[in-house]
Each structure stands twice: as C-alpha cells, then as structure tokens.
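J.: The chain contents come next:
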Amino acid sequence: MDPGDDELIRAVLDGKTDHFELLIQRYQSRVFATARRYARREDEIEDVVQEVFIKAFQKLSSFRRDAPFEHWLMRLAVRTCYDFLRGHQRNRESTFTEISDEESNWLDRFNANPADTTEHSQAAKELVRKVLEQLPPPARLVITLLEIEERSVKEISALTGWSVPLVKVRAFRARAAMRKILEKMAREKYL
Amino acid sequence: MNIDQVQKKLLAAARADQPSDRVPYAFEKRIMARLKDSPVADVLAYWERMLWRATAPCAAIMIALSAWTFYTAQGNGSEINLEDTVLAPVQLASE
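So the protein lines, in turn, are chains A and B. Take the position in the first sequence, starting the count at 1, then add 59; the result is the number in our numbering. Under our numbering, the second sequence has 10 at position 26, and the numbering climbs by one with no breaks.
By construction, these hints were calculated from the structure, which means they are not laboratory data. In this text the structure is predicted, and so the values were computed from the model without any measurement. Using N, Cα and C, we set each Cβ at its ideal position, and we do this for glycine too.
Here are the simulated SDA-like pairs of lysine to any residue, each with C-alpha atoms no more than 25 Å apart in a straight line: (1) A:118 - B:14; (2) B:13 - A:99; (3) A:189 - B:6; (4) A:243 - A:228.
Covered stretches of chain A (in silico footprint by chain B; criterion: 3 or more residues with CB under 8 Å from a CB of chain B, positions within the stretch not fixed): (5) 73 to 80; (6) 108 to 115; (7) 171 to 180; (8) 184 to 194.
Taking the hints into account, I'd like the entire structure generated from these sequences.
T.: Here's what the structure looks like:
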C-alpha cells in the first residue's frame, strides 16, 4: 500500500528528501493542468510547475496538517501562476495578435445565428484564449477561477489570499475588462 | 453584435477546453535533481530557529535587569525621586 501524504511529509521533514519524489508523482498532473490555464508555451509551463514543487519543498515545514496537502499545494500553484502572469505582463501588452480567418468566421456565424454556433470549435477556444491573454493578471486569474473553473468566491479567496470583498470587486472589474476587449474586437471587425 | 452573448459563449468555450494534464517523461526526477543541486535555505525556518535561540539570553537579560532595578530602588529613596519627577510640572505650575 502507498504511504499517505502525512507519512511522506514527515519523512521529508526528517531528512529523507527522496520521499518528496512520491509527492511530486502524485500531484504533478494536477499542477500541470493548472499551469496550462495560464501559460501557453510548454517550456514556460514546465518552469512554473518546477517552481511550484521547489517552493513546496522549501516551505514544507510551514504546512499545517489541518487541511489536505493537495489544497495547500494547489494554493501554492495558483499563487505561482499569478506571479508568472504578473512577470509576463509586459509581453502580453506587446504581443497583441489579430484574430485569424477561422476566428473571424466563427464570429460571423455567431453574429448571424448565436444559438446555433457551437462553443466546442477550435476557433472559439483560440478566440477566448486571445481575449484572456489581453486581460490584466488579477482579472485573468479571477475569470479563470470563477467563470472557467466555476469555483466559489470563498474558494477563490482561500486560493489567492484575497479577501472575499476583494474577489468580488476584482470579478466585477474583470468582467468589465473582458467586455471592453470584446467591444473593441467587434468595433474593429464590423466598423 | 450582442457582447453579453459573445462573452457567455466564449466563457462556455473556455470551460469546454479542459487543459491537458500530461506530464513530461521523468519530470519528477528533474525536480529532485534540481533540489539536490541547490539546497536553498528556508528563510522562515532560519528566522524561527534564530528567534528560539534568542529566547534564553533575552529572558536572562530581562531577569538581570529586573533584579538590578529592584535592588537599586530599595533603600535609596528613588520612589520619592520618581514622585518628585512625575509631579514636577504640577508643582512648578502651582508656584
């Protein structure tokens, strides 16, 4: 039988650092999925995940066992992803990409018949990625957690360390910012 | 174009686009090698250790100072001096 998280953590803290490898194996797929929501290039994703586990190793002594290790690790992962977004803010501003023909066609189809346009097309997925990349880091984080991962405000507060009212304010601003980007996109396309 | 509808549709598209949880081959080995190469000190743990070590000398200094204050205050009438000092502005005002 595999040892539990608590057992592994205790061993790592006692100096048996090799046991940390089992913790990485157990949770790396979840951390990779989280990192892929915020970073696009595979080398950036690997850097983010590596940073998450290095931080986890260094801060392991501060982990209190009142909540599962997974929750603690995911909190660390979300905060590292947020730091990544903030660090790459300048790149985001300088790499505005025009919408492709497929994305433009999807918008045309949506404009003609919103109900029959599928959200499962690759064009729609690419388009929303481009819109999210133009959002400021707090807005992107809150939209991803609230609207895409469908987490509650309370959960987001615990993950990010922001207070509940701050999450609500940032969610309101994020929706407004997203709307503004879409309005600009529509203006450029249809006027 | 109805912006609210586009926003809803695009968010639905993002929800439908589940990110892959694929892990590169032997990724955990890479992290372990990195951890072994550069054992970085945990600043918080170091700070906590130093604070604990400082507890005993601080307590000793506190006890020594308390004893010194207690014994020097006894018999030299310093309570009177203290009273004079504290009440000096009042006395000056009344004069």
